[in-house]
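J.: Below, each chain spelled out in residue letters.
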Amino acid sequence: MKNNCLNCENELVEVMSWRGFFYREPQFLCDECIKQLEKIEGKRCLGCSRSLDDLVQRLIKGEMCLDCHRWEVDPEWKGILHQNFSLYFYNDFLKDYLAKYKYRGDYVLAKAFSHTIKSYLAKADYDLIIPIPLSDERRYERGFNQSVALLEEAEVRPSTILTRLHSEKQSKKSRKDRLRQEQVFQLVGSDLNNKSVLLFDDIYTTGTTLRHAAKLLREAGAEKVSSLTLARG
Amino acid sequence: MRFAFADDELIPEPLIEQGTAVLQRISDFPFLPPQPLNPSFHFSPELQSFLSGRSLLLDEIPFSIDTLQEHYVNGYVSYQKGMEKSCCHRCGNNRPHLFASYSCSRCHTPCTYCRNCIMMGRVSECTPLITWKGPAPTSETTPTFKWSGTLSEAQKTASEQMVLAVKERKDLLVWAVCGAGKTEVLFEGIHEALRENKRVCIAAPRTDVILELSPRIKKVFPDTGVTTLYGGSDERNTYGQLVLSTTHQLYRFQDAFDVMIIDEVDAFPYSYDSSLQWAVEKARRPQSSMIYLTATPDKKTQKQCAKGNRNFIQIPARFHRHPIPLPKFVWCGLWKKSLKKNRIPHPLKKWTLSKLHQSKQALIFFPTVELMEKALPLFQEMNPLIESVHAEDPDRKEKVVKMRNKETPILLTTTILERGVTFPNIDVAVLGAEEKIFTESALVQIAGRVGRSADYPKGDIIYFHYGRTGEMIKALLHIDQMNEEARKRGLIDEK
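Just so you know, the sequences run in chain order A and B. Each residue of the first sequence is one higher than the one before, counting from 140 in our numbering. Each residue of the second sequence is one higher than the one before, counting from 7 in our numbering.
Chain A on its own, in the form it takes in the complex (with noise of 0.2 Å):
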């Protein structure tokens, strides 16, 4: 059958190699597309996987950006959220690509990472990952979950012991509302104690709507939260 670009609806053109006759990753953006996707590579930030490469020295506190530093000062947020790792740069591209697939509701566009994700979770440490849920609302408008349904092309099971409440969208704050955002998320059973958690999300912007999270579960007991963005904002 004829494949085409999820994205740009170009043909995809299958190379031949002896690689290629024995295993091949199923392809789903032209060679045009994914060299647009730009992953997060050389020296980043340790708390939120933010490229300090680019970033002048004044953001920059030792191994981590001044956000980092700020809320790791704060004795409300210091330690909650142990770690970010973010795949992309959230560029032009990506930015359309995620506005099509989230408002739009394009949600095939999903597959185009479902290998990157696979492989990194593959490595990765955790007991149980959690995808920042939608409101009922907001879920039923959209028609799906972002998060859950690119965790799901990547064959993983997400736990869904997280709900929300509804609220405004958080694209449409400053980062001062989402700082002064009360608790947004609800926990529903589930024994967290000593366990570790990946919390998902497909884009980390201030790492707010995150630590709400992991705050909560912190608090159930788990003993370290971690989380994984596709793109870092």
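Since the hints were derived computationally from the structure, they do not count as laboratory data. Wrong hints could be hidden among the right ones.
[Claimed, not checked] Cβ-Cβ distance ranges computed for the label pairs, FRET-style: (1) A:PHE232 x B:ASP72: 40 to 46 Å; (2) A:PHE161 x B:PRO102: 41 to 47 Å; (3) B:GLN24 x A:TRP157: 55 to 61 Å; (4) A:LEU326 x B:PRO102: 40 to 46 Å; (5) A:GLY181 x B:VAL28: 56 to 62 Å; (6) A:PHE161 x B:GLU376: 32 to 38 Å; (7) A:GLU276 x B:GLN86: 21 to 27 Å; (8) A:TYR242 x B:GLU490: 52 to 58 Å; (9) B:PHE37 x A:LEU326: 43 to 49 Å; (10) B:PRO40 x A:ASP275: 32 to 38 Å.
Computed from a predicted structure; not experimentally measured. Note that CB positions come from ideal geometry on N, CA and C, so glycine has one too.
Based on these hints, arrange chain B on the given structure of chain A.
T.: Below, chain B without anything else, positioned relative to chain A:
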């Protein structure tokens, strides 16, 4: 959204008490019974003018589900299947690779959706499309017609034909050369339609064309509700007796128009995308007239015209009564190799230098962006003000304006400037006219850039090539035949 079914009526999920009924997706019902119209029902005139002639997602409608259901029960609104048996009912897509499925939190089942029109909101198996079934809004006022220009003889004949087509609800192809003044030909016909309280749509494939047309039309019909629709337009929610729309936006209409005017039928992407043609068919009423405007009908259409199987009218001459300049063919050897060696092919270089010398503005068409970018620095060695433009160019608009202001002596371009753009006094060259992208229609359109204004009716049009192709010859014959036809009909003044 899912529906329950009781007493021959659909009931939307939000209006049912939980757990009391069997819920199904709209596509799972074998038959959707039409509701009889209740003539004594007081329908909402706001909903009428919003929804009339349209086919929309629930998310696109700013009325409550209660209001919609009330109108449905009384036969004024219908719920239709968004997609069925791998065909999208909004855009007509039926290509398997443009569908995908997901586990849907609206219907809690694996749900297939259409990827072709996803940018307009998702249509899936559980998505109803909502249409108006009641009477269309009527306007009491007679339309004002404010236009004082005069039509050329050929324009007048075409205009009369169009009025006739509107009256008799027939189709008509207006085959008018570049620069014939097509828009003015439409005015009388549109006026006639409005007088009969008909709804009219002018659709064009590209936003630029719609934006240019809109103020002109509004000026001619100042009292008529004119809606201008394109991606991101803010006039989406108003009813227009006269709608100007990109062909994409027609996806949101159904059985709406009595007169459907399609500008530049042959232009990309309309001619390539069968789903856009499907949208046009969906948007017009069953008994309606379709007016096609083009300078370069495709082969099939030309044949139909020649055989007399198609109602068409030609405007073979420009309004200024001068013939269209004929293209000249100039062989320029292995021009790709020259470019690779950082040389402009000699004949083109000579031509360019002479234009710079005469300070006459010129357009040079290239087959691809890559070749054009490669050539740009070579041209800039001759004159640093020479620029290039292509479809994805972020400064596209500014560059065209600079050309119009005569700040740019020569503009290199891809085929994006082949139509719609008018510079009054320019010469034009095509490099690599034998390339596949330069079809007969593209070459005729490009030649049509020359000699547009009455003050400068002449100009150079050169096809630089490495071996003449059938398309080049057809383009030359096409222009020659149009001039010949115009002479026969006495539409050209020759000194």
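J.: Take the hints in turn and mark each one as holding or not.
T.: Against the structure, the hints come out as follows:
no.: 1; hint: A:PHE232 x B:ASP72: 40 to 46 Å; verdict: 43 Å, holds
no.: 2; hint: A:PHE161 x B:PRO102: 41 to 47 Å; verdict: 28 Å, violated
no.: 3; hint: B:GLN24 x A:TRP157: 55 to 61 Å; verdict: 59 Å, holds
no.: 4; hint: A:LEU326 x B:PRO102: 40 to 46 Å; verdict: 43 Å, holds
no.: 5; hint: A:GLY181 x B:VAL28: 56 to 62 Å; verdict: 57 Å, holds
no.: 6; hint: A:PHE161 x B:GLU376: 32 to 38 Å; verdict: 36 Å, holds
no.: 7; hint: A:GLU276 x B:GLN86: 21 to 27 Å; verdict: 26 Å, holds
no.: 8; hint: A:TYR242 x B:GLU490: 52 to 58 Å; verdict: 56 Å, holds
no.: 9; hint: B:PHE37 x A:LEU326: 43 to 49 Å; verdict: 47 Å, holds
no.: 10; hint: B:PRO40 x A:ASP275: 32 to 38 Å; verdict: 34 Å, holds
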